[in-house]
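S.K.: Chains as they are written, first to last, in the numbering used here: chain A, 1363 to 1421; chain B, 3 to 262.
Any given hint might turn out to be false.
Sample of chain A residues at the chain B side, in silico, Cβ under 8 Å [to be verified]:
{"id": "1", "residue": "1394"}
{"id": "2", "residue": "1397"}
{"id": "3", "residue": "1408"}
{"id": "4", "residue": "1409"}
{"id": "5", "residue": "1412"}
FYI, nobody ran anything at the bench for these hints, they're computed from the structure.
For glycine and all other residues, C-beta sits at the position ideal for the given N, C-alpha and C.
Here are the chains, one letter per residue:
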Amino acid sequence: MNTASVSLGASVSSQSRFMQLALAALLGIFVMGFVGFSHIDAVHNAAHDYRHSMAFPCH
Amino acid sequence: MTLFRNVVFIAAIAGLVAGVVLACLQAYATVPLILKAEVYEQAGGGHQHEHAAAPAANATDTNAMSSAAPAPAEAAAPPAEDEGWAPADGFERFAFNVVANIVTGIGFALILVAVSEFAGGIGNWRQGVFWGLAGFAVFTLAPGLGLPPELPAMPAADLTQRQIWWTATAVATAAGLGLLAFRKSLPLAILAVALIVAPHVVGAPQPDSFETPIPEGLHHQFVVAVTLTNLVFWLVLGAVVGVVRGRFTGTATSLRGSFA
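Please model the complete structure; the sequences and the hints are all you need to start from.
M.R.: Shown next as structure tokens:
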């Protein structure tokens, strides 16, 4: 792919690196999904204007 | 877990900055249009847009409006009569919007930083701008083609189906862009184009009727406002990730050339 000479946390093994990055991405997806996609009424109402403004499916 | 901690740290700063910027833009560009649409909604349909009570109210109402409500999914939701808690109009509503922007800003930043680390990382603000453009294409442009930003009181298909299409489109577009950018083979490039096009061939879930009390001009204004505010959000997010990560690793320029 490409050869990045410097990366964040350069000392970690490649498997651990993969796991940590995947974990971070999953956390991001979870946060985004909860605020933007949750069917819970209170969450929907709190983030209502945001959902419309981000073109998330709403209502 | 140093890498995880670093990713979260960078994402938190970038998400905070980009989220605050987006909240300010929304306060001027999109929220006033939403409030305007709510006036039409209350005048036209006579139901609250906080939607839980809408199917019941519309069942006896005009056919045009009842088809606008995604009835089955919402009728099945447990608190069918109660609209639940909602922030009070004014400052409280604005404050919750800011919080939602920051929280999801950090969420988007986590995804952006984690994915870009797989590809070598965002080395400076200019690379960040291009990663931001990719994020804009994946999360705003592609889903927005099939499901344009909608105002309250606009007709729409079943919520869950739209959410599935939205998510699938974002994933397919991300995979397609990734293949185009990081694989140097023609067959894979063709596959990438197919992945990007496929969701739109399948087509987004559409409502039964497009009748709405919202004026066409207001909706068009809203689509433009949403698209542009999101563009700025993603460019800021990518650029800030690049700057913070550069400070972090102390190699603001050495990754130049690893992308584009």
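S.K.: Honestly, which of those hints from before does the structure not fit?
M.R.: none
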